[in-house]
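As given, the protein sequences belong to chains W and D, one line each in that order.
Throughout, my numbering is defined as the position within the first sequence, counted from one, plus 5.
Throughout, my numbering is defined as the position within the second sequence, counted from one, plus 8.
Honestly, the hints are just simulated from the structure, not real lab data.
Please note that the accuracy of each hint is not assured.
As the list claims (entries may be wrong) - Partial chain W-side listing against chain D, Cβ under 8 Å, derived:
| id | residue |
| --- | --- |
| 1 | 128 |
| 2 | 129 |
| 3 | 130 |
| 4 | 131 |
| 5 | 163 |
| 6 | 186 |
| 7 | 188 |
| 8 | 192 |
| 9 | 194 |
| 10 | 195 |
| 11 | 205 |
| 12 | 206 |
| 13 | 207 |
| 14 | 208 |
| 15 | 209 |
To be verified - Chain D stretches covered by chain W per the calculated footprint, using a threshold of three residues with CB under 8 Å from any CB of chain W:
| id | stretch |
| --- | --- |
| 16 | 130 to 140 |
| 17 | 153 to 161 |
Just so you know, these numbers come straight off a predicted model, no measurement behind them.
Backbone N, C-alpha and C define an ideal beta-carbon position, used for all residues, glycine too.
Chain by chain, the residues run as shown.
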Amino acid sequence: MRLHAYVLAGDPAWIRQGIGSFYGLVDRIVVSYDADGLSWSGDPLSTYESLDRIAAADPDGKVVLHPGRFSNPDLMAMLAETAQRQDALDAASEGADWVLQLDTDEVVTDSGELRASIDAAEAHAASALAYPARVLYARADSGRFLETCGRFWSTQSSYPGPVAVRAGTTLSHARQAAGVPTYRVDVSPWNTDPARPPTTRVHRVIARDQALLHLSWVRTEAQMAEKRAVSGHARDRDWDRELDRWRRRMRHPFLTAAGAPLTRKPFERYRVTALPELANLDP
Amino acid sequence: MTDLQAVVVVATYRRPDHMRTCLQHLAAQTLKPARTIVVDASADDLTRAVVADFEGVEYRRNDHGAGTLATSRAIGIEGVDADIVAFIDDDAYAFPEWLEELLRPYDDPTVGAVGGRALNGQPDEADEGIGQIGLLLPDGRLTGYFAADPGRVVETDHMLGANMSYRLDAARRVGGVHDFYPGTCLREDADMPLRLRRDGWRVVFAPRAVVRHVAGQYAKGVRFDSRYRYYGARNHVVLLATALGHRDPIFRRYLATAMRTAGRDLRSAVVALKQPGWRAKGRGAAGGCRRAAIGVGGTAAGVVASVRAVRAQARAS
């Protein structure tokens, strides 16, 4: 089976770790970026820093640059994102059976298990693989992170969209592919994604340590300032409030974790997780 | 075309009209079976008379009556010498290429069992469930979707009894047909595929081996009534215990899944009390409580029955 990947270049945080984690798994990586270096909403992006980092993470020449014009301030950011992802997916689909669609701040922790899950999806004639990601919210201190969790600190998975899709798939919303037969992997035999009903079927179970790590908010102050401007959610969040909370939670990780059972919003419950392998890495 | 010899077994109970149509469709196969055997559990001779109209079709009796479908299957393969045995329900009408397509995947020597599609005449059934046909889920539940058309042969964990086949010698090596599944006989068809899988065989779904499943009337009650649910819960526990063992994590997880399901049913009963109108409140609450009670009762009965079944299995082996 030929496996390709696409990534969107524009966010340099964790790019080396992200691409490095699945580099051995794929034959080609299509890097899609806005040729004018602008975000979907028209703000300047760190595109060329991202491309430099990608080039440094490409010892075998698997990367194919795929520029385009994706900035459109008149369009909802999510629609512009979907258009860019579809363009990248179409390019990555050439000569591929399946295409990985991972963000540059998502790290594959067990590429063997990811590949086995794609093989299982293929064997059952599914066309998309939903694979769990653990969301790391902030770095607490050396080797410890705040991770989103269940009410009583259980592992909670996040699924922004299928991690791998059959070549030629049509995306419906950002990474999501509505109506496509999906093979679903989770860290428990029972669904751990709070965005889905508890009866949601799990087809394969993996260990917690084999889930992806989504390092979306594990960043420096400067990187968070850039994320605020360019994120797909840039205009639908109160960023001053969000960033104040982020700083406070980072300063008081154990207090934040202690409040998990009392927190009503399922995506705002945190636990303290030790990940020493990420301790000395910079985003 | 394959040179494997196949025997077709049809288990029936008091459906002579369906039986006639089923045999007419079997007579029109592009690949003729080596033998066609009808096993009849009815007390009357109506089915025997129907079978007599079809030359070369053998008639066998199962004197144990209703609720012994697996025993009928066992009687069907008794003394049979063939490579493959294919089972089709009396209310399942095979397309002309059914047997030919069912045998095709056996060219791969690692394939121990092959199931096919059963069309129920529901809208969108060809697309629904692609990617999860016939799976044993990690929480112990089974998926169906045997009407789906994935467009190619795919891996599965179990099959639908209305349209399934397996290698006869492999089936005998794993202990032959078990009849631990009384009542509606639910789950008896998943027993052999799960044991074959455990023995290292591949179980696959061949979407071009098609039958039209017209869902004839039940011997007692109707589909999806309380009795159906009770035996579904009971027999599911027995299936997992006998096919996987009491120590298997999937067996234990299923008990937790059954309790979760009962909890959800009870919650739905409580939620129903918020509905407007006393009639809606009463029906919703009673329905939720009834479903929870049936689920828990069936599961508990299944645990007791599974201990007996596992002992019987151990004695037999």
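Okay, the hints, checked on the actual structure:
no.	hint	in the structure
1	128	holds, 4 Å
2	129	holds, 5 Å
3	130	holds, 3 Å
4	131	holds, 3 Å
5	163	violated, 19 Å
6	186	holds, 3 Å
7	188	holds, 5 Å
8	192	violated, 11 Å
9	194	holds, 4 Å
10	195	holds, 6 Å
11	205	violated, 11 Å
12	206	holds, 6 Å
13	207	holds, 6 Å
14	208	holds, 6 Å
15	209	holds, 7 Å
16	130 to 140	holds (count 4)
17	153 to 161	holds (count 3)
When the structure is compared with the earlier hints, violations turn up for hints 5, 8 and 11 and for no others.
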